[in-house]
Amino acid sequence: MIQVQRLPTGGLIDREATLYFSFNGRLLEGYPGDSLASALLANNISTVARSFKYHRARGILSAGLEEPNALVSCIYNGVIVPNLKATEVRLEKGLVAYSQNCWPSVKLDFGALLQSAAALLSAGFYYKTFMWPPRGWHQLYEKMIRRIAGQGRASTRVDSRLYDRRNAHCDLLIVGSGAAGLSAALAAADSGFSVMLLEQDSLPGGSTLWESGEIDSMPASRWCEQTLKTLMASRNIRIKCNTLAFGHYDHGRVMAVEAAADGVDSISWRIRCRYLLLACGASERPLIFPDNDRPGIMLAASVRQYIHRYAVAPGRRAFLAVTDPAELAATRQSLQQAGIEIVAELQPGEHIQSTRGRLRLTGVTCCDNGGARRHIACDLLCSSAGWNPNAQLAAQLPAQTGSSLQFDPVANALLPPTESPPVFSCGAGRGLASMTACARDGQLQAQRALVALGGQEYPDTPLPEIESPAQRAGFHDGRDMAFVDLQNDVTRNDLEQAVDEGYGHVELLKRYTTLGMGTDQGKTGWSNAILEISRITGQDPGAIGHTTFRPPYSPVSLGTLVGAEIGQHMTPLRHTPFHRVFTTAGCVFQTSGDWLYSRYFPQPGETMSTAIRREVLAVRAAVGCVDMSTLGKVDVRGRDALEFLQRIYCNNLDSIQPGQLRYVLMLREDGLLFDDGTVSQLDDHHYLVTMTTANTMAVWRWLNKLLQVHWPGLDVQLTSVSDHWASLAIAGPQSRKLLKALNPSFACDRSSFPFARVRQGELDGQIPCRVFSISFSGELSYEINVPAGFASTLFQRVIEQGKEFGITPYGLEALDILRIEKGHLSIGTEIDGRTTAADLGLERMVSTRKSFIGSSLLQRPQLQRDDRRQLVGLLALEDHYPIPPAAHLCDQPWEPGSILAPQGSLTAAIDSPTLGRSIALALLHNGQRRLDETLWAVSPLTRQSVAVRVTSPCFVDIEGRRVHE
Amino acid sequence: MPASALIPGAIDMLLIPCPNCGPRDESEFDYGGPAIALPALEALTSDWHQALHLSSTTDQRVDEHWYHGAGCECWIRIRRDLVTHEINDAATGGDEVDA
Amino acid sequence: MKYSATTLLSQALRGQRKWPAIIAPAQLKQHYDAIIVGAGGHGLASAHYLAENHGMSDVLVLDSGWIGGGNTARNTTIVRSDYLLQPSFALKNFALKLWAQLSQELNFNLMYSPRGYIDLAHSDGELEHFMLRANAMHLAGADVSILNRNEIAEREPAIDLDPQARFPVSGALFQPEGGVVRHDAVAWGFARSASAKGIHIQQNCAVTGLTIKANRVTGVSTPLGEFATEKLLICAAGATAPLAELAGIRLPMQMINVQAFVTEPVKPILDCVVNYNAGLSYISQSDKGELVLGGATDGYLSRARRGSFARIEDTLARALQMFPWLSQLRMLRHWSGSADIPMDGNAIVGATAVNGLFVNCGWGYAGFKATPAVGWHLAELLASGTVPETLRPFALERFAEGALIDDAGIGPYPWRH
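Protein chains in written order, with numbering that gives the first Met the number 0: chain P, 0 to 964; chain B, 0 to 98; chain F, 0 to 416.
The hints are simulated quantities; they were obtained by calculation from the structure and are not laboratory data. A couple of the hints might just be wrong.
[Said to hold, decoys possible] Ranges of calculated distance between the beta carbons of each label pair, as one might list FRET restraints:
hint: 1; chain 1: P; residue 1: Ser897; chain 2: F; residue 2: Pro387; range: 16 to 26 Å
hint: 2; chain 1: P; residue 1: Met217; chain 2: F; residue 2: Ala11; range: 51 to 61 Å
hint: 3; chain 1: F; residue 1: Asn354; chain 2: P; residue 2: Pro408; range: 50 to 60 Å
hint: 4; chain 1: P; residue 1: Glu932; chain 2: F; residue 2: Ala99; range: 33 to 43 Å
hint: 5; chain 1: P; residue 1: Arg928; chain 2: F; residue 2: Asn354; range: 46 to 56 Å
hint: 6; chain 1: P; residue 1: Ile1; chain 2: F; residue 2: Ser3; range: 33 to 43 Å
hint: 7; chain 1: P; residue 1: Ala376; chain 2: F; residue 2: Ala11; range: 46 to 56 Å
hint: 8; chain 1: P; residue 1: Arg942; chain 2: F; residue 2: Ala11; range: 16 to 26 Å
C-beta atoms are modelled at their ideal positions from N, C-alpha and C, and glycine is treated no differently.
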């Protein structure tokens, strides 16, 4: 029989279109407008899932995000999405859903055997055992527990769904479109302020859609219809359904997720608002009694929703256990309208002693104060112990001290404070009960919002008062399980045990029992838990407090939060101006930080190492060219430019003249090396400084800070020109000849253009250029800067004119080898944030005649010691032995298993093409005084222990003549 | 209704009120740390040690510097409450923030 | 009462209602041989080792809130010791040795799970740097290896090793002893053991004042009264600085917010702990099935214990680079903690200018993994009155002296560490 529990008329469903879906392999039917839960109920499916710890049979408790029991996995586009609540899944054509965490089936689950050990498995049992044998936890017990734990199964298949991230701004953000939310939006309609109304459900209206109640003297549903019409017609209100506001962050930032919109699976919205009005409604609180978890036990208001919104009768013979008279009356009315027999009701003074039914509720036993019992046969139990305002969003930004929700004895629930800028709650979300009161509250609070935003004045009307609900029913100390947290199987006994053991503070209780830590985030459990703790300890519920509410309000997909910035799009990749022309030249690139660098230029048939070797030898013997564009460049001008430079670099720049450049070091304020680079004087009061690629942004920010914040009196102007200039360095004994062949407008013979100079002009009368005679490789070398747009042209010319000199393009790998052979420094290796200039043998660059950034703290005793780790070179004693990279220096050879205290470590080790042997650079304790000493370069990873001799860190042209050729 | 009903700093609406560009999301900025007055370059090591290392206070409200890298590229100074994140006062560069 | 399968069974037969409290109620005294302010992991570990190693149980541990309520309750549970600089490495490596038998020693299952820690490198240069670290660890006797891409795939098949990724993986450092420990249990286990040995633990009792006479500590003031002692250890993470100020001591550290989050629980899918290094993001799976993720700090000063969502998005983006299929899982909860970070990113431990006043703070977000080792050595410090060798590098004086322990070479900017 199909949809046997579907009511013949009514419901916000489309009976014209039947949707087929499958649950646990069974083909079932539903309608558009159904949730998976309502469709399952319509098809009379009661057992939907098994609980986390005890694998008890569970059904559907609620109709919303607070659902703790009905967890299913669904398959979308071949991908399994686990841990969905059947109440939050919209029924779609072809939906495939199944129960999770049960085997072989949800109706017959071997996991249920755990229930026989339930007495052993109470709260925290795993802390008290599994300790023997010593490695047993990891090797044995943990494996078992991990397999049993976890709920759904995640898939490692590629997720082909599309996600996006968008931003929005508005003046007034209203979260929730029930009576209060709609009423608030209505009050703000056409007010001139931008308003957004977010609704997590697929339809706006909240409970006005299915509850009986009146607003403005008409049925709530009709009021809702009319209000929506007005809102759609207004010019300033944006209503977004299927949009869950899950987090509230500083300064009016609200995060929300919108499902299935705009061709995209889901969108994460980053919203900034000036005024936040929460109208999130309230969730019903279930009664706690033994065996309160069977399929067929449902929240009373949810039953009403299933009847009126989905036209589903969740059972045939109902037992009502509702504490509030108004709730009770409404539930009775709904059940009668649905033709469901009301077999009995829980009477004042009575409590529920137990329930029966293996896969579905079959009966209830009640007991009164006198001990008289009655047994009632039923298949549906409507449970309600009151309402909890959905105040989590309000509580995510707690006030400065203590918790922000207060237990209110009148409402018998945790309430957000009404007056607590910048967040305001209205309606059932702050404890109001009737539709009329909620609507009124929404309207008045929206008016207050408009006043605060700067709109018209409204009379100061007092807000509706919270009414006290009826007394709750008594609890019974039964032997059977009375669940407080249904999802994590936390019982009343567990709470008592936790308090016994000293975990009575709410935060300890949560962690010890795992209450509230399930995927429902304890929505139906927490307030009951606080009342339980109050009962157990005698403390006032208001004094117990609550745990910190953390976003998200309901679980949010990680994919949505990242949006489309996946794969290559996570962060932008930067190309240098030479990228295209290098690609044509067969360059192999490599990512490094933001950049895509030229790594090497293989010729046909070459491996990486042969290519690099060829490049290095070509630079030493003839001439090569390499891209230096990524270095940072800053133009420095002003009357005080030199003074500024003197303050930031440790070098003495007194003698610098126009046309000259210096290699300079910049220290951090604490005296350690920060960056190296160059200062070139272009003209009077006009300099160009360069920084390493890695530190470009950091140095730029630092220079600006010094000028804007600390030394605003200096007349200095900075312009970043890093991206304006493409820079190609030509290096090698033939480089001067090549430079001449490029036809510069300035003389470049040895006397006119010596080392450490800068010249400006044009190449070939066409291409503006600046050329710096500086060398990273140690060879005669010129860095040719041209405006970035000329990069390709420059490269082509260099290759053309360079043919006769044997021009060889080279990349980072060769550049690194060249600089290591020369003992030049690199960021991250020698300049690692822990070394001083003196450590690297550059104390002569540190001026003693002036003060500069870092000079003072550099005087600290440990930085002045002469036996610090200092830069040295290493050569293997046997010249054919390779020195292992990443080795440490020890004063004795190493054997497997030996424990040695290293005296230093390598910063670089290469097979030097120029020297034909392995060389290395290292930082060695007291290194400058240990030349010619023998040590061992030890790399246990590669089981190598190589005898080495300490040398100067410069292996090529130690007198530095080549740059003056 | 007091103006404080609005999100603090909310005339400006967003996290960091740049005096040049208006209120902007923190992702447009780089953090520069608590506002420390650098001693004179020739000051004693102990003065620099005090300024750089021991300026950290246990105050709840701190003056600090942010750099508007994705905007005007100016350094600004704000006063922020480290618990509530309320931001008051913003000025560019080395200007004194009104107490 | 001993915890064991037998006692669990016998208690089960009595409805699980006869377990004693983990902290015995204490009749607080007027004087103690030592007082520890801060009942987090470090403070409680110190108390345990004072009794266990030195027979000192005339000790009071005070906390302004509930035990382990600071960073012990908020961290991402990872333990490892792959730090470059020797002082950092030594303490954390000693901790790993202690973690291995701590559950048995405390008779409390801490769920130490040495499932292996994989630290991904994204370039040859970075990998070489990892090798340097690994070699240093080897020379100190630790078990560590470098994995190539194939070996990474074998060990953790779920990692995306696409060479076309934005920051492709070139290799990894692997520490087999690294893994996870159940963080809350650490506080509870140490507290129970200390309490069983007669140490008094008082929660919800904030220290409001220090009494110092002639530059020597003589006691503390609290709402529950004055307690006298000659040895006072302030071990309270971010709350240490205000207390130290009461003694005229300024600590060079600042508070930065760190965030972490978990997904909904799923069946076992990730066996190792994995760390991504192009921008920070690390992940592991708890025994309950939740994937636990964390990343870099928020990057600016904060004591709010909540952070900007942008940082979470950032951490997540990197996690998806490692495991693209994570996109299908849902975030269940995200939380924050306050990391107290000194000027070189490493802890401040040891004596102060006031006799008898010791501090242990500045552990930032790296304190949990070192817990037992720190407790062990602090106990030695309190028992003997002198700073043990292993703790000397962490002295407060190092900033004035220039002997910094800056693992990452970042400099005096706590928000960048």
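Outcome of the hint check:
no.	hint	in the structure
1	Ser897/P with Pro387/F: 16 to 26 Å	holds, 25 Å
2	Met217/P with Ala11/F: 51 to 61 Å	holds, 59 Å
3	Asn354/F with Pro408/P: 50 to 60 Å	holds, 52 Å
4	Glu932/P with Ala99/F: 33 to 43 Å	holds, 39 Å
5	Arg928/P with Asn354/F: 46 to 56 Å	violated, 40 Å
6	Ile1/P with Ser3/F: 33 to 43 Å	violated, 56 Å
7	Ala376/P with Ala11/F: 46 to 56 Å	violated, 33 Å
8	Arg942/P with Ala11/F: 16 to 26 Å	violated, 53 Å
Hints 5, 6, 7, 8 from the list above are not met by this structure, while the remaining hints are.
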